[in-house]
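Here the protein sequences come in this chain order: A and B.
Per my numbering, the very first residue in the first sequence carries number 16; after that it's consecutive.
Per my numbering, the very first residue in the second sequence carries number 540; after that it's consecutive.
It is worth saying that the hints were derived from the structure and are not from the lab.
Among these hints, one or two may not hold up.
The calculated label-pair distances, taken between Cβ atoms and stated as ranges, are [said to hold, decoys possible]:
1) A:241 with B:707: 51 to 61 Å
2) B:553 with A:132: 23 to 33 Å
3) A:79 with B:795: 13 to 23 Å
4) A:18 with B:643: 40 to 50 Å
5) A:38 with B:795: 23 to 33 Å
6) B:795 with A:272: 55 to 65 Å
7) A:132 with B:552: 28 to 38 Å
8) B:627 with A:194: 29 to 39 Å
Glycine included, every Cβ here is placed at the ideal spot set by N, Cα and C.
One-letter residues, chain by chain:
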Amino acid sequence: MIKIEHLVKNYGANCAVDDISFEVGEGEIVGLLGPNGAGKSTTMNILTGYLSSTSGKATVAGIDILSNPLDAKKLIGYLPEQPPLYLDMTVEEYLNFNYELKGCKLDRAEHLGQICDTVRIRDVYKRVIRNLSKGYRQRVGIAQALVGNPKVIIFDEPTVGLDPKQIIEVRNLIRSLGKEHTVILSTHILQEVQAVCDRIVIINKGKIVANEMTENISNAVEKSRRFNAKICGPQKEVLAELRGIPGVAYAEALAERDGDAITYTVESERGVDIRKKLFYRLAEKGWALIGLESLGMNLEDIFITVVDQSEQKKTRVARAERKPRRGDRVTMEREVGAELFEDAKRQREESARQDTEDDE
Amino acid sequence: MLAIYRKEMRSYFINPIGYVYLGVFLVFSALLFSYTTINAGSYSTSSYFTFLIISFVILIPILTMRLFAEERKLRTEQLLLTAPVTITGMVLGKYFAALTIYVGGILISCLNFIPLYVVGAAERAGDNMALTHIGPVTGEILGSLLAVILLGAALIAVGTLISALTENQLSAAIITIGVIAVMVLLNVFNRLTDSDGQPLIGSYAVRFVLDWVSVMSRFSNFSNGIFDYAALFYYISLAFVFLFLTVRVYEKRRWG
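With the hints as constraints, model all of the structure from the sequences given.
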């Protein structure tokens with residue numbers, strides 16, 4: 016449905032998007048994830064035709080956004096980071112304006128009514144947007160993106176500034192939209208993509224560092240090897256016992272108490288599930304296990320790891336990419352270097368000799 | 540384009556700006572008209588139109604200042620630029636909305652002419668033997684009206700461009716006032732004389748250029764009752780050039 020190929024966007028000397036390529040299939044919900052300033056919004060702005068790319072190609076349903084913007088824009092509903100609301104209009108006027116602006120052919124009253132029910136703004140339909148709360152404004156912004164029933168819907172940070180209940184509502188809404196539309200959303204909140212998206216594209220400093228199905232990333236999250244266990248019993252003996260369990264790579268007591276229980280961090284060896292063994296062993300000893308909490312990598316850890324890795328890779332690549340020098344220059348440098356080295360050696364010897372002379 | 544035109548028209552009357560503009564314009568033009576014609580005992584409308592044009596220095600920026608500056612500040616331009624509308628369509632929609640308010644004001648102000656015709660008719664009735672025409676000259680008024688409308692169309696295009704270049708309504712208004720003041724009043728310098736009655740600007744070439752650039756000097760033919768096609772073409776060209784530049788500003792920003 017959406018195809019982005021080798022997209023590059025430079026702002027002067029600053030490269031905001033650096034050779035990004037990815038595809039989004041029909042009916043897919045894809046999350047663009049990245050820290051602030053990673054190039055998410057720029058990518059979306061290019062995709063919606065608000066900005067032009069420096070190079071590369073973006074197509075929606077096979078239509079190039081640059082060469083045929085009018086047809087491509089008809090297929091896209093866009094909610095920018097800051098919802099583009101005319102504060103002095105009522106919701107009704109605003110949606111009607113959008114209806115006309117997008118040259119919508121659907122039955123007006125029915126279509127707008129449907130949208131209002133979907134995003135639940137019917138009770139503020141006659142009110143002036145200036146007087147609406149942030150949550151309602153955001154929903155009016157979403158409604159705007161839905162006018163004309165576009166095939167592709169693009170949300171730029173749709174839940175920023177909403178309260179937790181509204182966030183859940185908006186996420187559910189996006190999920191339900193995903194049944195009929197192709198959705199791209201950007202966020203820097205990891206739970207959000209995990210909750211909503213089928214696929215996650217992680218962007219950092221204008222480059223894609225990961226493009227994975229959400230399940231895969233979730234699996235990585237679940238295969239954790241570290242636990243916090245709350246165990247009632249004498250600390251030293253418990254610790255010795257824990258370290259004695261086969262498969263335990265590491266155990267340590269934390270300075271955390273809950274009644275007579277002490278919290279221990281236990282790490283298993285790769286590919287071993289020690290939870291059952293742990294339980295039976297403690298039961299044998301008569302020490303109660305009153306809590307077991309998985310400490311596995313959460314999305315934050317994964318995100319940070321991936322971003323860090325990409326940065327390391329980048330510096331490695333930068334070093335590797337340095338052009339090999341021509342042979343004569345290398346020998347010349349070597350000669351110059353040798354000369355300098357000899358000079359330094361001679362100077363050191365001289366000063367040493369002077370020192371000994373002074374001593375004498 | 541039509542949707543944007545309608546939206547702009549509506550926003551002129553949701554905001555006080557439309558009312559302020561029309562109110563100020565109509566009151567000012569009515570006062571100006573009564574002072575320059577009936578109170579002065581003259582049927583000539585030339586000074587009325589001349590002063591009216593000078594008032595545009597203040598009035599036209601009111602119409603144009605928020606066209607683009609406000610959209611940019613509130614980021615609503617993102618909606619327009621990602622909608623299936625061309626940039627030209629967007630610029631023209633906004634431009635014609637401003638032009639409609641402007642022309643509407645001018646047309647309503649035509650009511651001002653009625654008293655002059657009434658006075659003229661009364662005077663003619665009392666003086667059957669007059670050999671010359673008594674009362675206002677309709678052809679001169681119509682010609683001047685058309686010229687004023689086209690001159691305004693050019694100045695609104697200037698204001699449109701300046702609004703597209705700024706992010707703040709107030710700075711758009713102030714810059715527009717400055718630019719329009721220069722365009723309208725440039726040829727005033729040509730009339731300045733020193734104590735000996737010699738023109739202050741000695742060089743004929745400079746005076747010629749100032750005259751050529753000034754929108755006012757081209758209007759003088761109309762106020763003298765001459766219908767000047769060249770001037771009309773000049774005003775339309777000016778409007779076209781500035782609208783074209785506005786479109787380019789938006790194109791450029793997209794590539795920025």
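Tell me the numbers of any earlier hints that the structure contravenes, in ascending order. Of the numbered hints, all hold.
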